[in-house]
Every structure is written in structure tokens, then in C-alpha cells.
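Chemist: Spelled out, the chains give:
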Amino acid sequence: MGAQQFGARVARVEDPALLSGRGRFVDDVKLPGMLHACFVRSPHGHARIRGIDAAAAKALPGVHAVFTADDMPAPMAAERMPMLVPNPAISAALTQHCLAREEVCYVGQTVAVVIADSRHIAEDAAALVDVDYDPLKAVSDCREALKDGSPRAHLALDTNIASKFRMAYGDVDAAFASAAHVFSEDIWQHRGGGMAMEARAVIAQPDPLSGLLTVWSATQTPHIGRRMMADLLDRSLESIRVIAPDVGGGFGPKAIFYAEEAVIPAAALKLNRPVKWTEDRREHFMCATQERDQYWNVSIALDPYGKIVGVRGTLLHDTGAFVPWGIIMPYIAAATMPGPYVIPNYALDVTVALTNKVATTPVRGAGRPQAVFAMERLMDRAAQELELDPTEIRRRNFIQPEQMPYSVGLTFRDGKPLVYDSGDYPKAQSEALRLIDHAAFRRRQSKARTEGRFIGIGLANYVEGTGLGPYEGVTVRILPNGKVAVATGATNQGQGTRTTLAQVVADRLGCRFDDIVMTIGDTAAISQGIGAFASRQAVNAGSSAALAGAEVRTQVVKLAAQVLGVPADDIDVEDGMAVARHGNRQSVSFRDLARLAQGMPGFSLAPGQTPGLEHTAYFAPPQAAYCSGTHVVEVEVDPMIGSVQIIDYAVAHDSGKIINPLIVDGQIQGGVAHGIGNALLEWMRYDENAQPLTTTFADYLIPMATDVPTCKIAHVESPSPLNPLGVKGAGEGGTIPAAAAIVAAVEDALAEFGVHFAECPLMPDRIVEALRRAGAYEKLGEVA
Amino acid sequence: MDKRSVSLRVNGRQYEREVEPRLSLADFLRHELDLTGTHLGCEHGVCGACTVLIDGRTARSCLTFAVQVDGCEVTTVESLASPDGALNVLQQAMREKHGLQCGFCTPGVLMTLTELLNDNPDPTEDDVRTVLTGNLCRCTGYSGMVEAALEASRRMREQRGN
Chain A
1 MGAQQFGARV ARVEDPALLS GRGRFVDDVK LPGMLHACFV RSPHGHARIR GIDAAAAKAL
61 PGVHAVFTAD DMPAPMAAER MPMLVPNPAI SAALTQHCLA REEVCYVGQT VAVVIADSRH
121 IAEDAAALVD VDYDPLKAVS DCREALKDGS PRAHLALDTN IASKFRMAYG DVDAAFASAA
181 HVFSEDIWQH RGGGMAMEAR AVIAQPDPLS GLLTVWSATQ TPHIGRRMMA DLLDRSLESI
241 RVIAPDVGGG FGPKAIFYAE EAVIPAAALK LNRPVKWTED RREHFMCATQ ERDQYWNVSI
301 ALDPYGKIVG VRGTLLHDTG AFVPWGIIMP YIAAATMPGP YVIPNYALDV TVALTNKVAT
361 TPVRGAGRPQ AVFAMERLMD RAAQELELDP TEIRRRNFIQ PEQMPYSVGL TFRDGKPLVY
421 DSGDYPKAQS EALRLIDHAA FRRRQSKART EGRFIGIGLA NYVEGTGLGP YEGVTVRILP
481 NGKVAVATGA TNQGQGTRTT LAQVVADRLG CRFDDIVMTI GDTAAISQGI GAFASRQAVN
541 AGSSAALAGA EVRTQVVKLA AQVLGVPADD IDVEDGMAVA RHGNRQSVSF RDLARLAQGM
601 PGFSLAPGQT PGLEHTAYFA PPQAAYCSGT HVVEVEVDPM IGSVQIIDYA VAHDSGKIIN
661 PLIVDGQIQG GVAHGIGNAL LEWMRYDENA QPLTTTFADY LIPMATDVPT CKIAHVESPS
721 PLNPLGVKGA GEGGTIPAAA AIVAAVEDAL AEFGVHFAEC PLMPDRIVEA LRRAGAYEKL
781 GEVA
Chain B
1001 MDKRSVSLRV NGRQYEREVE PRLSLADFLR HELDLTGTHL GCEHGVCGAC TVLIDGRTAR
1061 SCLTFAVQVD GCEVTTVESL ASPDGALNVL QQAMREKHGL QCGFCTPGVL MTLTELLNDN
1121 PDPTEDDVRT VLTGNLCRCT GYSGMVEAAL EASRRMREQR GN
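If you read the sequences in order, they're chains A and B.
Under the numbering used here, the first residue of the first sequence is numbered 1, with each subsequent residue one higher.
Under the numbering used here, the first residue of the second sequence is numbered 1001, with each subsequent residue one higher.
I should point out that these hints are in silico values taken from the structure, not numbers from a laboratory.
One should not assume that every hint holds.
What the hints assert, rightly or not - Here are the simulated EDC-like cross-link-like pairs (lysine to aspartate or glutamate), alpha carbons at most 20 Å apart as the crow flies:
(1) B:K1003 with A:D124
(2) A:K483 with A:D389
(3) A:K558 with A:D575
(4) A:K712 with B:D1119
Just so it is clear, the structure is predicted and the values come from calculations on it, not from any experiment.
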């Protein structure tokens, strides 16, 4: 029998093509007669459009069309784009027009599109489109946005507040009134973009013969995209096929639906030619969604023994000019803050502000890194003030494993009570501390200090709701050639989705791993689909793969029992064969069974038999499965230049049962790299007119190979009771606590100077400034 | 726009083409020769996804015009595997050590490491990390590709030793 695939470090099926230059990304697709698009984008943060003159652009040889909003079909010409995740707490429910009409509200907003024979000509012509703008005052900083007299992000609104809501339980004010200790922090946090190495790209191909519109898009959510296109173009779902081929990274920004994904199909339909648009990196910095700024003012109340009695505060979130994915990030942030700790009373008042910048939507972590940063900074502050070790104050406040399932007292974004299904937080912390040899750290630190080196340690804990609904589907079908077709609405942007789902199907069905033919990221393959976000695919699609595989195995057993004339409970299924356990072990292959299962023209099926050997399962989770973990990091700081080098990084991670440790370790390592970027490097800057200032990889830094150490990883496995595989998501946990741990470590390295940090990214100039204010250079001068 | 003729070898094969002077080598490879393994991640010379070898040395094909490589030998990711598809030692190590996830930066990474292993048969981890600073990867956190390069160099030394 074939080796068990679940839990094995199976090499990925995705790799050979990607390693050989045979990957197929959207921009690699070339169609006969294909035209190329370039968008005309707003150069202003906020402006009225008085008129558009495209005559010069249209006159350029090789230009086929210049389209503005009125050229778009109904209803997208006039109506705004649908909001993907509405919420009653949103008071200003604004999404953008696919092509702007009277007003533009951020730099880069789509105003017109040029279609030409080549990308070069389209870009030349776009520069010739004369848009008459009446520039308006823009609002750039979300704190300014709330002030009286601030410019409005939209002409039609008399407020810049998109939403205000409170997340709370218990009686937090009473808890604070009687607490032994109260400490407060003012925190600025910024997260940049997803910055997948492949930017966005769309190709649309109308087929006048079949009426089918085929759209290739570098998206995490092709099924959602198809629904949006159907609404905006007023077409039936069945007349649109969306394909996400190889996609070069997602990280959240490719989960939402963009204006360009509607405009390119509309242009292709109008011209009756295939049209391609490939985003360049500058456009990606301007127009792909980000996370950006949050301001937290939070306090912690403790009893005399360092046990938390309450946490309260405010959170201000910059949503940008629109709310295409609702208010998910601040909502998740507010729900994530209690984390792994027993917090009897909690209240967070959240304000979501509109600014004239590109919309914010989830980036790997989706508001959780900020919540963890805020909570862990409070824990570190309390530890310092109470003279407790940071590890000890956390130990005193952990939810204990025997308290599982643990009801926090809040409602999560899935609308369900926030109940942690499983987890062992004290164990994760002790595992991570063991990996980094925490017990010996203070000795290492003293030794380093005698060498003139400043090293520090920091830790952070987190709990993350993963595997969110509504569902994901998997079809398993045995083909007449004996291969096994697997189709899913789950998608792949590097997570190895094909590999993990094939592992599950091979085990549950009893076929060879190599005999699986997988179709993924294609709306033609399965009726319903959602896609990749919220670390949801292993839970949802993985569970569906298990259910569908098991059901087809039952069909195989039933049919094989008839064919072989043995009882069904005497049949084993392995390596694509149904084998009788007794006698002379007669067998029948999947190939023969699949042919039999098709039936014969004119003959009835056997009683109870269903056509074919196939099943589609849609696993719908009852609620989120909560993964958790601890990061501990050791850093070295050069106080003279404010640089931070990460020396050692340990992760104890609980994502339940693990389908493929090779892939999960890769997710953690990559997630930590993203977290290092958030902690120390990534800052999407705008000026006071909301002009983006960091639109190249030379201005906006993402971690390089010398910035990211190889993490030490331990897996704490608390299987989730909420799905048949016992799995939890693993895609974001590497990022979520990283910034909190790293900034704590920097502070620890410089503890002798008494500097305190409540911001991320923590830039070198800020470290130097804090040291200067603390008089560190005078002290260092004395030493020298 | 006026076109210029360019004559070059790519992966051992001779090509003659008429191209606009502003056509980048990357676009030339991808769209004129259909060698789409070379990717464009930033088109401003930082991310390194477009890295190819020109006369054996790494270069950014996004910052190189096609007309500049007239008379040169260009090597791309498509040259690495055997014609039958068998992965070379470095590619195989990248797979085993999970040195890639989405695979978009991978062609550039492979070309950078190909040059490194040609130049230095026994690189240290620091050597590998230093050359890889020219290739941005958002997925992996680099550890897999660093291990892969070290593993490939070990195997290549063993092969040479035999």
C-alpha cells in the first residue's frame, strides 16, 4: 500500500514547471489578435474631473480606443463597484467607479483606459490623454481627517468617518477604577502592501462563437471575481470563465476585486478582441490595496500580582478613499487583541477614517499583527513597571489548555461568538523559549556587552482565527484512464495548494499521489468557490478533499464488491486498485471501475448506483479554527547608526495537525520575513497632499536574504475539533507576532538607556533619535 | 519607431530580429522569443526576477535593451533543465529544500545562483546570502534557497570529485 501522504514532507508537484521556466503566469499568456491596455490614472489625491480630451491619444497610430466611464456598459458605467464584505457598522459605504466619473479620490485611481497594438503604444497614448482636473484639498493623515475643518475625502460626504464601533465585554471601567496598576501606551503602527513579486494582470478574451468571456487574472479569488464581473457587465455567470493560472504571490491584496478586472473585459467585449493589461510596479505601489496606518491608545489594568483585570482603549484606522472589503481589518484587530490571555474586562472603541489614499484591505495578518503589537507592548510595559520577567507576566495570564474551548466574550468577523477551539499557549511559549535557549540569554547578553555589542531578546504571543467560512469545495472524479481528477475553488499563489490537496485525496481515496490531475483556480472546474484569504484553504478545501475522497472510495468499494462478488467490507482500496482482502486477493482497477460506472447506453444502473465515480464536497466550517503560537527573537542593535540585525529567531506554532511540514515550515519562515519587513523596513509614505512617495523597491524596502535568518521552528499540535482533518491555518501566523517580538527585543537591547518604543516599523533614525533624547551618546562617549 | 537589427545567441540558439531601440531585453525574451521563464517584478532593476546571464555574467534584463546584447550570448532559466525535463542539481536542490513558493522570483534566483556556483564551488552561507541580496523573494524568507545553494554546491563538488 502507498505510504501515508498526510503529515509527510512531500516534495511539491508545483515545482518542476516553476523551476524550468515553464510556469504559466497571466503575462505569459499570448493570444492571437491580442491588444494591450494602459490605464490613465489620477495624478491627484483629490480632484474634480471637468473633462477628458482623448483626441490626441486616439490619433496615435496603433491606438484602437480610449474608453472613459461613459463608454463602459451598464451597469458599471454609472454604478459603483459592489462592496465585498458589508457590515452594518459602516456609515459611509463607498466603493469606487470602475472608471472615475466626476471625482477622483486617490492618486492612481482609474480614469480612462487606452487600448493599442502594443504596451509601448498604449503607454505613449495614455500620456496624451488630456484630463482637465480641478484639484481639491486632499486629506492624507487619518488623524487630521477627524479634525473639524479638515478637507473631506469625498465631495458628497460631510464627514471622514466611515465607521465607528465598540468591541467590548465585562465592565471595563469598573475594573480600571479598582485596579492596583494601570499603564497606557500610545502606539503608531504602519503596515505596507502585500508586494507580491508578480504585480496584478488581467487578460480578457471574448469568444463570439460560444459567447463565453474568458478572463485570466492574477487573483486569489477567481470565483468571487466572476460574480463581480457578472454583476458589473450584466452577464450570466455561466457566460464568464475566470482563470487564475500560476499566480506570483498573493498576501491579501489579490483577494479583492479591482476596477481593472471589470474594465479590461468590458474593453475586450467592446472591441471583440482579446485585451491584456499587466500592472507595473509603480502602479502596484499606487493602486494595489495596502494596510497602512493605525493609531492605538490603549491601557492595561492589573491586580497586585500582575494578573490582568482589564484592557481598554481606542483604535483609529486609515481605510483610504474607499471600503471595498468593508471594515474587516480594524474589526479583526479589535477581536484579536485579547489573544491568549485571560482578560476579564475589555473595551476597544474603533474609528475608521476616510483619507485620499488607495483603500486598505487585508495584507497577510489582516489587522492581527497590529492587535498583537498593541497587546504585547502593554504586557512588556507592565512587566517593566512591575519588575517581572516578560515571560513570567505572560505565564501568569495565559488561558490554560484545560479551559478549552474558551469563550472570549466577543463576536468574531464570521458573526459567531469568539470561541477558541483548542490550543496550549503555555506550552508554545515554553517551546519557543527552549528553542532559543532563553535561560542562557542574560549570560549571552552580558558577554556581548563586554564586547561592546548590544543584544536583546523579545517575545510575543498570538491567537489567530483561521479557516474562515463560508465553504470551499473539492470534486474528486475517477477518470476512464484510471487517473483521478481533482477540482477545487481553492487557489494557489505559492502555498502548494495542489500538493496538500493531492496528499489528502491520495490517502482518503486510496490512489497514487502521482495519478492525481488537479484543476485549480478555474471557475469552469467547480460550480462554487471562494478562494484564498484568512488562512482558510487547508481547513476548508482540505476538509472537502477528505470528504470527497472518502465518498468516492465508498463508491469504489460498492462497485468493486459487485464486480468481484465479495462483501463490501472485504474490499481494500490502495494505489488505484480495489482489492479483495481474502481468497486469492482478486482486484479491479480504477480504470475498469470508472468505465463500468459510466453505465452502458440503454441499460439501467444497478440499484443504489450513481453515475460515475465522483463526488463534490463543500465543507462549511461552523466557526474559525484558532491557531496560536509564540515568537522569540534575539537582535543586535548598533546604537551608532540605529541598525537592527536579527541574530536568532524561534517560532513555536500550533496550526493543529499538519498535512505537509515542508510547506508549513515554508509558510512560517516566509511569514516571519514579512513580519521583519513590517517591524523594521516597510513604510508606504505619502506627503500632505496624499501623494505616494515610495513607489519603487529602492524607496520601499522589503527584506533581503541578509535580513532574514533561518527560523528555528517547533510545532505544537492541538488538533482542531472543528474539521475532519484537525487542521488550522498556517499562512499568517509567521507574520502576526513578529513586529511585536522584534521591537521588544530592540528595546531590551537598549534597556540600559531606558528607551521605549511604541511604533512599527521602527526605523534607524527613530532609534537614534530615542537614544539621543535618552542621553545615550553621552554615556557611550564616557565608555569610549 | 525605427527598428534596429539585433543578432544574438540565446541558450545556444542563434536569433536575428528587428527591434525598437526601446525594447528591453526582458520584453524581447518574453514576447519576441516566447521565453516567458524570465519574469518582470519591478522593471526598475531592484527585484532581480529578470536576472539572466549575458556572456556568463548576471544582468538585469529589465534594465538592458535588446539592442545592447547584439553579438552576445544570453542564458535564461529555460536552459537549466535537460531537454527531457530532468532538473539540474541546483533545480533539484531548490525543490527538495522548498526554495520556492509562488515561483515568480525563482528564475532570477536560479540564474544568480548559477553564476555563484560557477564562480565559487564552495560558497559559505554568507556568500550565498550576499549574492541573493540582488533577488527579492516575498514568499520564502530565503532559507530554503540558501540551503538549496549550499546543498547543490556540495553535490556538484562530489560530482567533480568522482
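Chemist: Taken at face value, is the distance from the CA of D575 (chain A) to the CA of K558 (chain A) at most 20 Å?
Modeler: 17 Å, holds
Chemist: Is the Cα-Cα distance between K1003 (chain B) and D124 (chain A) 20 Å or less?
Modeler: 17 Å, holds
Chemist: Do the alpha carbons of K712 (chain A) and D1119 (chain B) lie within 20 Å of each other, as the hint requires?
Modeler: Given that 20 Å is the threshold and the Cα spacing comes to 31 Å, the pair is violated.
Chemist: Hey, K483 (chain A) versus D389 (chain A), does the alpha-carbon distance stay inside 20 Å?
Modeler: Roughly 58 Å separates the two Cα atoms, so the pair is violated.
Violation of the numbered hints given earlier is confined to hints 2 and 4; the remaining hints are satisfied by the structure.
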